[in-house]
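Add chain B to chain A, keeping to what the hints say.
As given, the protein sequences belong to chains A and B, one line each in that order. Under the numbering used here, the letters of the first sequence match residues 4 to 481, in that order. Under the numbering used here, the letters of the second sequence match residues 4 to 481, in that order.
Treat the hints loosely; a few may be bogus.
One copy or any two copies: either way a pair holds, since identical chains are not told apart in the list.
[Said to hold, decoys possible] Subject to a maximum C-alpha distance of 30 Å in a straight line, what follows is the list of computed DSSO-like cross-link-like pairs (lysine-lysine):
| no. | residue 1 | residue 2 |
| --- | --- | --- |
| 1 | K290 | K58 |
| 2 | K327 | K29 |
| 3 | K419 | K208 |
| 4 | K87 | K202 |
Calculated directly from the structure, the hints in this document are not laboratory data. The model shown is predicted, which means the values in this text are computed figures rather than measured ones.
Number of protein chains: 2
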Amino acid sequence: MADKKQVEAITSMEEDFAQWYTDVVKKADLIDYTSVKGCMVFKPAGYAIWELIQKQMDERFKATGVENVYLPMFIPERLLEKEKDHVEGFAPEVAWVTHGGLAPLQERMCVRPTSETLFCDFYKNEVHSYRDLPKVYNQWCSVVRWEKETRPFLRSREFLWQEGHTIHATMEEAEQRTIQMLNLYADFAEEVLAIPVIKGRKTDKEKFAGAEATYTIEALMHDGKALQSGTSHNFGDGFAKAFDIQFTDKDNTLKHPFQTSWGTTTRLIGAIIMVHGDDNGLVLPPKVAPVQAVIVPIRQQQEGVLEAAGRIKEALTGKGIRVKIDDTDKSPGWKFAEAEMRGIPVRVEIGPKDIEAGKAIIARRDTGEKTECAIDALADTAAALLDTIQHDMLERARARRDMQTYTATTKEEFEKLFAEKSGFVRAMWCGDVACENEIKEKLSVTSRCMPFEQEKISDVCVCCGRPAQKLVYWGRAY
Amino acid sequence: MADKKQVEAITSMEEDFAQWYTDVVKKADLIDYTSVKGCMVFKPAGYAIWELIQKQMDERFKATGVENVYLPMFIPERLLEKEKDHVEGFAPEVAWVTHGGLAPLQERMCVRPTSETLFCDFYKNEVHSYRDLPKVYNQWCSVVRWEKETRPFLRSREFLWQEGHTIHATMEEAEQRTIQMLNLYADFAEEVLAIPVIKGRKTDKEKFAGAEATYTIEALMHDGKALQSGTSHNFGDGFAKAFDIQFTDKDNTLKHPFQTSWGTTTRLIGAIIMVHGDDNGLVLPPKVAPVQAVIVPIRQQQEGVLEAAGRIKEALTGKGIRVKIDDTDKSPGWKFAEAEMRGIPVRVEIGPKDIEAGKAIIARRDTGEKTECAIDALADTAAALLDTIQHDMLERARARRDMQTYTATTKEEFEKLFAEKSGFVRAMWCGDVACENEIKEKLSVTSRCMPFEQEKISDVCVCCGRPAQKLVYWGRAY
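Chain A on its own, in the form it takes in the complex (with noise of 0.2 Å):
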C-alpha cells in the first residue's frame, strides 16, 4: 500500500504536463525551494547530475583546445551599457549590488548575467598582437537574471552554466569556432543525453543582443514543446569596437579582433526529465545517471542475501559500473519504485531462491522489461544493458520527435496544426519579423530556428505568401 501510494503521488503526464514535471522534480529528490524567490537549491541528485554534464562536456571542450578561466560576478553599470544591443537585452533583468559592506558603492555593479562585457574588458588588455590570439576560454559559473516567473531548472533567478568567449583575428575563424561550438552541444546532447536536436540558425528577432548571427540547437519535450537548449553566438567585431579592442596583425595593421560565444545551463537537467521521464518519474540516460545500476535484495535479513548483494556490486564497480545496494529496510516493492522515481537506469533483484539458482533478475527502467541473468554474467549483461538503454533511449527520443514534426505549406494547414497538434512544425518563411510577430502574437508560436539542412517545401511564405526565404521550424517552447 505504502507503495502504491507514492507512485500515485504523481501526477500522470496525460493529465497535467506541467505538474507531472513539478512533481519528478520533487519526487526524484532533484531540487528543493528555497527562502529565495525564485532561487532553488540542486539537492545531492540533482547537482551529481550535472558534475557528469560538466565532466564529459568539460572534456569535450579541452580535447578542442578550450581553456577554462574565472572572471569576476560582477559587473561595474559602465561596463555593461558600453555595447549598445547588449544592455539593452540584459539590464532590465539583473540585480543590482549598490552597498558594500556598510558604505554605498560609487558605482553599482549588476551580478553577471553572461560575462561578455566583462570577457571583452579582460581581452582588452591581453590582445595586442595576432600572436596573442585565438583566445578559446570558458567559465563553469552561476549567472542571476531577475525572471518573474520561474520553474526549475528551465527558469530561476540564479542558474548554473558555462559560458565560452572566444577571441579571433579573422571573421572566419569566429565563424567556424561558433559553428564548431554549435555541433559540439548537438553531438553532446545526442551522445550523451540521448537527446535528438535540431541544429539552426535563429532569425533576428530570435538572436542573442549584440550577436550577428546566433545559432541553436533545438529539443522537443514530451509534450510537444520546444527547449533551446544550447547557442552558440558570433559577435562579430560588434564588442570589439565598442570596447576598443585592437591588434597589430601581420601585416603590421591595426584591426579589430572578432569574437564569439556559447553556452549550455542547468537547464539541460530539464530537457533530460522531459525527453526521457514517465509516470513513474525520471528516467536517466546511463551516462548521466549518477547511480547507473541499483542492487535490491529481497530478503535482506536471510543470510547470505546482503554478502550476495556486495559480490555483486565489487563485480558491477569493477565494469566501471556506479551501482549502489540500497538495504534500507523499506519493503522491495518501495525500493523498485523509488528506483524507477529516480531514473536509474538498471535494477538488479537478488534473492535467496536467485542465489540457490546462481541467478539475478535484471531490470530496464527505460522499457521495465525484466529478464533472468547468471550471477556470474551479471557484470558483463549490465555493461552491455547500460549501453543498449543510452543507445534506444536516443532512438525512442527520435522517434518521438519526429512523429511530433509536421510539416506545413499553406497558413490553413500551419494553423490547423498548431490548434490540434503539438510539436515542430516546418515551414517557409519570407524573411520578414513581421510575419514572426505575427504568428507569435496569434498563435503563441516562435521561429525555433532556421535548420541547417534547408530544404524548399514551398516557395511562398506561409504566414504571407510572398516568396519563401528560408524553412523555418516553428514551435511552442520553454
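For chain B alone, kept in the frame of chain A given last:
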C-alpha cells in the same frame, strides 16, 4: 639578452617579498586585474591549478561520504540576522543587492560571504527524523567579502572555495566530522600541495563567528609569516536553535541537531607560491602542476627534432604525465626561463646531437639539477622524477618550517624572537584573551592555534606569568 631581461624582471625574495609575490603571480600568468576593484581574473594557468586542487580534494571528500549540492548565492537579510555572533562577524563585509531588474527589492539580500544560514534554512525543511541524519553536504562556489585591502589569492572581494556543511544527531558525531575534515585538509596539504601544516584549535578570540570550536591548519610561508590554510568548525547546536531545526530522535523526543562546516579556498594557490617559489618564479608540486613536463626542442628547425620531441611527448603521456612541447619561435634560453617562471616541474631538452646519441637532458625545476637520460628511458625516468620532486618539496618545506619554528619560555625571549626572526614561536598561554590582545597590540602577533600535539614547555604564560594552560603557536599572519 632577452632571456636575462625576463629573469631580471622579478624582484628577488630577499629584497622585497611582497613585490616578489606580485611579480610571480603576474609573470607566471596566473591572474590578471580587472575593472572590478578587489576582484581578479583567474587566467588559464591559475585556474588549472584550482581545477587540479578541486578534483583531488573532491575525490577525498566523496570517499568519506560527502555529497555535493548547490545553494543560492543570495541570502535574505533576515536569514543572515538569525544567529547573533554570525551576523556581527559578517554583516560589515558583505555586498548588498537592493534592486532586481528595474524595481527595488522588498528585502535586500547579500551575496553569500559563507552559507551557514542558507544551509540551516535548507536543513530545516529536510531534517525531521533521526532517519534524515546525518547529512554531509559540500558545495564548490564563489563567495564575496567586501575587503578593503586585497592581494591576489590571499584576500580578494570574490574568491573561490568549497564549503562543507553537515548536520548530525549527536555532538560526538559532529565533533568527529569536524576533526575528520581537518585531518583530510592536513593530509591533502602535505600529500598534494607538499605543504606541511600545524593542526590545532583556534582560541576563542580567533574562532569563526558562531562556532563553538574552530580547528585550523597553519602553514608557514617562505618569509616566515603564517597562512591559515583551511578551517573546520563545530557549531554545536547553536545554529539549530537559532534556526529552530529539530528532529525526532529514536527515543521519540524532539532534539536539536548538531552542525559543522569546513572550508578551503583559492588562497591555497597563494600558499603554494609562497612556500615553494624561488627567485626564478613559481615552483609547482607535480600533483597540482597543469603541465608536469615541458619538452624544449633545441634547433627545432633541423630535421627530426620536432618529430623526436613528439615521440617523447607520446611516451610521457603514456605514463599519465601532463606534458607539452614548447615549439614556439622563442630561443631555447627564453623557453627555459619561461618554463621556470611557470613552475613546470620537469624540463626535457632534446637537440640534434642528443638524438644522434640517443639521449636527452632532463632538468628538475625544484633543484635545477640536470642529468642525461637515454631517450628510451625518459618516460620512466620522468615519472619517477615527478614522484621524487613531490616528495622532496614536502621535505624541504618541512625542514625550512622547522628551522623557522622557535620556542620561547619567557616574555623577553618571546619579544626578542619576534623582533629578530620571522616564523612560528611556540610559547605557553594562560588562556586569557587579555594576553592575546596585549601580544597582538604590542607585536602584531596572533595566536595561530593550540596544536593538537600539546607539550608543556614551561609552567607559566609567556605574557602574564600566571599558570599556563596551553601551548600555542604564535605568528604574524597573512
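- [ ] State whether the alpha carbon distance between K290 and K58 is at most 30 Å within one copy, between copies, both, or neither.
- [x] Answer is both; intra-copy 11 Å and inter-copy 19 Å each pass.
- [ ] With 30 Å as the alpha-carbon cut-off, assign the pair K87 and K202 to within, between, both or neither.
- [x] So K87 and K202 pass the 30 Å test inside one copy only (28 Å; across, 54 Å).
TODO: Could you place K419 and K208 in one of the four classes (within, between, both, neither) given a Cα distance threshold of 30 Å?
DONE: Within one copy only: 24 Å inside, 74 Å across.
Open item on the list: If the cut is 30 Å between Cα atoms, do K327 and K29 qualify within a copy, between copies, both or neither?
Closed with: within (21 Å within a copy, 47 Å between copies)
Consistency note: the structure conflicts with none of the earlier hints.
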